[in-house]
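Each chain is listed here by its residues.
4 protein chains.
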Amino acid sequence: MAIVEATAAPNLGPELDQLHRDLADAHVLPTWIYAPQIVPVEPKAGYRPYIWKWQRMHELLMRAGELVTPDRGAERRSIDHINPDLTDSASHTLATAIQLVHPGEVAPAHRHVAGAIRFIIDSGGGEVYTRVEGEKLYMETFDLVMTPKWTWHDHRNESDNDILWLDALDYPFVNMLRASFFEPFDGNQQPTTKPTGFTEKHIGRARPADWKSYPNEVPLVRYKWAETKALLDDMRGQDGNPHDGVLVEYVNPFNSGPALPTMCCFVQLLRAKEHTQSHRATTSTVYYVMAGEGFTVIDGIRFDWVEGDVFVVPPWSWHEHANGTADDALLFSVSDRPIYETFGYYREQALEENGGHQEVTSTHTP
Amino acid sequence: MAIVEATAAPNLGPELDQLHRDLADAHVLPTWIYAPQIVPVEPKAGYRPYIWKWQRMHELLMRAGELVTPDRGAERRSIDHINPDLTDSASHTLATAIQLVHPGEVAPAHRHVAGAIRFIIDSGGGEVYTRVEGEKLYMETFDLVMTPKWTWHDHRNESDNDILWLDALDYPFVNMLRASFFEPFDGNQQPTTKPTGFTEKHIGRARPADWKSYPNEVPLVRYKWAETKALLDDMRGQDGNPHDGVLVEYVNPFNSGPALPTMCCFVQLLRAKEHTQSHRATTSTVYYVMAGEGFTVIDGIRFDWVEGDVFVVPPWSWHEHANGTADDALLFSVSDRPIYETFGYYREQALEENGGHQEVTSTHTP
Amino acid sequence: MAIVEATAAPNLGPELDQLHRDLADAHVLPTWIYAPQIVPVEPKAGYRPYIWKWQRMHELLMRAGELVTPDRGAERRSIDHINPDLTDSASHTLATAIQLVHPGEVAPAHRHVAGAIRFIIDSGGGEVYTRVEGEKLYMETFDLVMTPKWTWHDHRNESDNDILWLDALDYPFVNMLRASFFEPFDGNQQPTTKPTGFTEKHIGRARPADWKSYPNEVPLVRYKWAETKALLDDMRGQDGNPHDGVLVEYVNPFNSGPALPTMCCFVQLLRAKEHTQSHRATTSTVYYVMAGEGFTVIDGIRFDWVEGDVFVVPPWSWHEHANGTADDALLFSVSDRPIYETFGYYREQALEENGGHQEVTSTHTP
Amino acid sequence: MAIVEATAAPNLGPELDQLHRDLADAHVLPTWIYAPQIVPVEPKAGYRPYIWKWQRMHELLMRAGELVTPDRGAERRSIDHINPDLTDSASHTLATAIQLVHPGEVAPAHRHVAGAIRFIIDSGGGEVYTRVEGEKLYMETFDLVMTPKWTWHDHRNESDNDILWLDALDYPFVNMLRASFFEPFDGNQQPTTKPTGFTEKHIGRARPADWKSYPNEVPLVRYKWAETKALLDDMRGQDGNPHDGVLVEYVNPFNSGPALPTMCCFVQLLRAKEHTQSHRATTSTVYYVMAGEGFTVIDGIRFDWVEGDVFVVPPWSWHEHANGTADDALLFSVSDRPIYETFGYYREQALEENGGHQEVTSTHTP
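Protein chains in written order, with my numbering: chain A, 1 to 366; chain B, 367 to 732; chain C, 733 to 1098; chain D, 1099 to 1464.
Do not take every clue at face value.
[Said to hold, decoys possible] Some chain B residues close to chain D (C-beta under 7 angstroms, calculated; not the full set): (1) K567; (2) A572; (3) Y616; (4) V617; (5) N621; (6) E718.
These are computed hints drawn from the structure, not numbers from a lab. In this text, all values refer to a predicted model and were calculated from it rather than measured experimentally. Ideal placement from N, C-alpha and C gives every residue a C-beta, glycine not left out.
Next up, chain A with everything else stripped away, as it sits in the complex (with noise of 0.2 angstroms):
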């Protein structure tokens, strides 16, 4: 531990010099001197925003396809995202990847206390499923499912094509606060215990007079694309969030509260020319680009992005997003807002000069 050293401290004469570097010796911190630094007076990400390109991500993960298979130890193929400055996830609350299952494979079941959303970027078109708690979530394009933590689940592909998705995990979160668990079934494949369609069935607006029994905090359902899309296509003629567009969240259906108690999930449509204003807040956001082409500008650096491109936007980083084309473009998108909501802790703010549109100042180049 170097305290004294990190801050230039006004020159306080010797006394207070050797005071300073006693402190340090006996583990202790002058808070007159390092008062800003543990009380900052504004949020300060200490990561920068940025983007992974899905061309490179594509071929990457292609190469791992060929080289590695998901087993016992290894648990899954899939490259995690990571923030340039941050040691192993895109944001410091958050953990996004992408995964892919070969026709035949499956990846082995586990649990841990960290929650997980799947966001299916392409099906295939067959037979694949996660399964969870014994119950097969089959999935199709652009569905989203949940696993709540410390639920069992393995993922199985049992169709002729290869599955992508965009896996988010809070396990950031949980190992900043010490608190994972993991472990491994005893098996590579937990058993189908439950009917498919089981928790769909059961725990829609009519339930089993005995639901209350019902294990999870979240239900075991999927998020069909088609209703989702349906909804979107009949709030397109509104005005929209002058931040986000056509703004739509995946709410928990037990509680209406966010999909997970960690993490919340979005979708938003920026119709054709469509650029939103800037705001900010105190948390942090992937995104994942569903369709079209358009740019975000966050902290005066425009990021453009097409189908398939990942970004994240840090903690009280100015954001506003631009459709550039004459068709739609949709966003996927995964907040760690619910953890500052709990506490008080959400705060945004508007951007007010120049009609809610940061200068932009450079492009980032991948």
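Go by the hints and put chains B, C and D onto chain A.
Just chains B, C and D now, kept in the frame of chain A:
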């Protein structure tokens, strides 16, 4: 970022090596290698248990008392306990410090997102107060006083003696989340806008009928030591908690929840020769020794303590307490447990072997 | 008021008699006499179980169809089930009725504090809807539709056939509490302000991000029979509830609570020859026979039922159900249980003697 | 049942008359006639405001004191206020009574679903207590003491003087719902199992860490008059509530909710010559005059009151209070408002005409 180098991957040939290098260059991480790192099998605190001995702390603080005066910018004359394995706090979520205010001094008014508690070590017996949101809260030895998040507060010593207290703040958690805001008050002191005892009188069992307009999540009351002591004395004859002796929790008088949404506070009585059994939890706790002599065994290391010492138990660390004398020992403690309970991350485990007692493998020498 | 006369006081001499008379004159009641009356040892319903036979109800409603037209003031062409021991409802908290709307008719728009549900007996197969807060909810046979408290609603039949449904309202509870307000809409019909299916589409699992501005405690969705039937079929092989067979509850999609804050709704399947065991609860329930033939024994009286019959089980009355045939029997029911659970007044008791079966002492003859 | 006769139906010809008769015979009610009766346009209390003058109540209770002794079966020596328009209570939901316990007497132990509060009129200055769940709660003049539902309780006067108090119970609401259970204790008195002051000491701001195992929804504490009076004095200089003067509510120390889930309790100070403005609410309230002289205008009728009087304001009745003297007037009151707020049935309306003052059309003469 040097991902590949960080972990010894199985030797899978040059093509895989090249893939791993290319992934690192592209700022993605191969889950098949990093899974054990990002989803640990059980919590790893990543920092050690530690003790700060009172004699040394007191000596350093007295020297600071001669050399440093709290003012705008320096803000406070306090010394923060820094775990040797962490950057600026005692645990990953909790920061504690010892603060000294001389007669006649003012620690200037400000507010921050981080919440704070004060546990009075020695009030000096005179008129000393912290003023929160315009209300003076006078403090006596072993009282506990809250400063909920984002409330204006300054401290003033109007007595003829020094006052010393233990501060505990959640700024490490706030900073993990990049949620800190800080605002200095315009002027050194805030005005007193409410008579002394206002909240005490107005937010009791009988309340003004419009009390729901009260602005704070936590009422500005002081937990008087005399009342807490009476309860401890009353409970003295009970069996007590196997891990903590006679254990008392301070609750939020509004809702019986934890003292603050992120921190809970306890005082525990270890009776003559009482030696508790070990357990561990996913949470971290900082202890302040109010009275007595004894020791705590943390993950096999014995930490001897006397009055005034402060020590930290990291997450998932076995710990048991022992009062080595024929007199009472009293420990005040603050824990991050509410954060864990909020997200379902709280786990606790009792040591079953050896009658619940750890093997002591070493004794900590400060 | 004739208190003293109402109860046989012990003969305590002329002075006490005079005191009792004076108390009555002064409008006070001697607890020493009235305690058993005002604090009963166990619930006394004060009204009988009863059954309304469909054949007779249908005949009466058809005659009303020829003689009465719903309009402002008359409001509805429906006939309310009146327990012979009560003034204006089937149970002390619940009112049910059978309503008929002819092709082309409108039941005019109004709103009231009383909440309502509609269970469709026969939709006629065409375009019929209830319009709630500007949104048309089309109804098919055995669908369930909500009208939460204080929502504007009118009904319209645009088909070529009659529509018949069961209404259930909580107006007896509202009136007990003297909490009723009623307001006619200015005009016979309210305008349609939302496209058909609006709520269904907007308040699903994916929702407009600003959905929390949705004004009603209960979303305006229809519980489609096809979905409920699929669940019942799926549960058919289970053991079922010992008192109710295969039992399904309709829940509020916003919070998984009861269908309305005062009323919960169920459908139950009694399989071929299934005969349930008796229990009793502090609540009251009204049943509608959707299909099949059977009987229910209520406090020793056998009530035989066929399709279309409605019967009421008063509080704290033993009851068991039997399907006497080799086909399915289906009962829809509405209960006041949420009121009791809210205040901790819900109690339930299973009959333990005689294998859970009551002795039948008589058969009800309508 | 005589439905048809009860209402003057429009003359619609003999066929309709016959239908109405047949409906009545079949125990169904034509909504087209009864709608206004079953869904009133606004609340109709159905009972009058009323006042019970202390002088008369006291005289009657003293006579009861000579003639009646509380024992098992008679249970209590108390006289219940019976609204002249109701069967057994002051309001439709609330029952109040005045109770007398002589020196040396015991009111035997029992429990019931109905919850109760005691407001002490005159403690006699000595050792008198109600014992709830094994704990003695000593009572002084103007203290408020809770008996939550289904808790064992007996009363004992160990002093040399009579004790008099006001009881308020929710048995009318419990009985409306047919939810009453009553159980006598096996023996006249329950044993004392906890030391005096146990709950007071154990369920304060510092609590035994395992306090969540505390069995009651409401802690067994006494609201001491000295504390409430201090608050009222402190608030004396404020503007106060336009309808109620200086108004203080007693809250449940566990959750800041109402004193009991069904009843809330208030004390209000009407300062010298203070005359409040009228309002009305869907709830009912019973007032006890603690001190002073004044009057309350209820739906145009002036009720003059002096110390000791009890009066009831029915639902949706305009009411305003006036202190006619140059001294303080104090009113204790109990209201059923929590029931209404639970279901969203609470409505309140301020009188806007005539400066918020009703026209007095008559004066009540007892």
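Going through the hints against the structure:
| no. | hint | in the structure |
| --- | --- | --- |
| 1 | K567 | 6 angstroms, holds |
| 2 | A572 | 4 angstroms, holds |
| 3 | Y616 | 5 angstroms, holds |
| 4 | V617 | 6 angstroms, holds |
| 5 | N621 | 6 angstroms, holds |
| 6 | E718 | 21 angstroms, violated |
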